[in-house]
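Colleague: One letter stands for each residue in the lines below.
There are 2 protein chains.
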Amino acid sequence: MELLKKRILEDGSNLGNGILKVDRFINHQVDPMLMDACGAELARLFAPVRAEKVLTAEISGIAPALMTAKYLQVPVVYARKSKPVTMPNQVYLTVAPSHTKGIKVELIVSPEYLGRGEHILIIDDFLASGQTIAGLVRLAQVAGSEVVGIGALIEKTFEGGRALLSSLNIPIHALAIITSMDNGKIVFAD
Amino acid sequence: MELLKKRILEDGSNLGNGILKVDRFINHQVDPMLMDACGAELARLFAPVRAEKVLTAEISGIAPALMTAKYLQVPVVYARKSKPVTMPNQVYLTVAPSHTKGIKVELIVSPEYLGRGEHILIIDDFLASGQTIAGLVRLAQVAGSEVVGIGALIEKTFEGGRALLSSLNIPIHALAIITSMDNGKIVFAD
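As they're listed, the protein sequences go chains P and X. In terms of numbering that gives the first Met the number 0, the first sequence opens at residue 0 and continues consecutively. In terms of numbering that gives the first Met the number 0, the second sequence opens at residue 0 and continues consecutively.
Next comes chain P alone, as it looks inside the complex:
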């Protein structure tokens, strides 16, 4: 998606060690018009899989997932990283290592909002190591839901997430695919 790639080059920063700073338009300050356009494009790409729900992880997956779900006209569920008082005591919980934070985070979904046989589209801001998304896949699977697609705004191919998730045999799309961040550069796949 040219609009997103252009914005990454203009307003993103390569901080080294594969860390891409996009907090001017995605994950601290957010450009709602850009997120709306990305949501429209992800909804278009995933229209064939007929998702009944979008699943993401708090925090920075919420904006793209919400906009995608709006265009698909389905609800979005975001996995929580801590259990609020309003959630039942019995929950689905998995643990995923966070590459950027260097810690393990819990991903928690209430059984109320993942249904057996439900078609789930997973949307996140980044597809990097794939660990967070793999955690979301486990949550959906334990609930008996069926993951029908995985989408991200930005993929970093050199962290291997797509390979990790390829055994699922479902469509995976990213709107901006970065193949290298060596030497301070940001290189896109095409």
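Hints should not be assumed to be uniformly reliable.
Intra- or inter-copy, both count: the list cannot distinguish identical chains.
Claimed, not checked - The list that follows gives simulated cross-link-like pairs (lysine-lysine, PhoX-like), each with its CA atoms no further than 20 Å apart:
hint, residue 1, residue 2
1, Lys20, Lys82
2, Lys4, Lys184
3, Lys103, Lys80
4, Lys4, Lys20
Just so you know, these hints were derived from the structure itself, not from any lab.
Given chain P's structure and the hints, the job is docking chain X onto it.
Modeller: Just chain X now, with coordinates in the frame of chain P:
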């Protein structure tokens, strides 16, 4: 806003002790079409204050703030509760007690995204005790920004937030105003 009040009565639960569970459509599972409608209404209500940015707190403020910002065609900034590696070392940080969680939470904004003299509209899911919103006001003030309005999806008048914030002398709007949750009921202001 009738659409939101209707939804609270249909899909919300009064858990007692003033806790309203709305995680079927606002803060775990989210209805993007409802959030879009709420964002449109908040943008309409706050059109006169000419906000240049929307400020909210992660996590559950993000959906309504994003949709409001989309209609106002301005960026949205969400205060983080922990400092990511992509954020500079020097930040604006304040501490706000969380009524629902029974703990104090940090609210952190990068100085990159709050500008001196900038007109800030604060949007959150709940206006209850007002402590989170008061924390956001402090962050904006220390940055030299000017808070021009405060909006929430749901207000619980019996927790006193509007009184706490009234000294700011700025417009405060909530789309569903709850005056009592005694005896398992949910009573709206009108």
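Colleague: Checking Lys4 and Lys20: alpha-carbon separation at most 20 Å within a copy, between copies, both or neither?
Modeller: within (13 Å within a copy, 39 Å between copies)
Colleague: Please work out whether the CA atoms of Lys103 and Lys80 approach to 20 Å or closer within one copy, between two copies, in both situations, or in neither?
Modeller: both (10 Å within a copy, 17 Å between copies)
Colleague: My question is about Lys4 and Lys184: at a cut-off of 20 Å on alpha-carbon distance, are they close within one copy, between copies, both, or neither?
Modeller: Only inside one copy: Lys4 and Lys184 sit 13 Å apart there, 50 Å across copies, limit 20 Å.
Colleague: Tell me, please, which holds for Lys20 and Lys82 at an alpha-carbon limit of 20 Å: within, between, both or neither?
Modeller: Cα proximity of Lys20 and Lys82: across copies only (13 Å, versus 28 Å in one copy).
In summary, the structure agrees with every hint in the numbered list given earlier.
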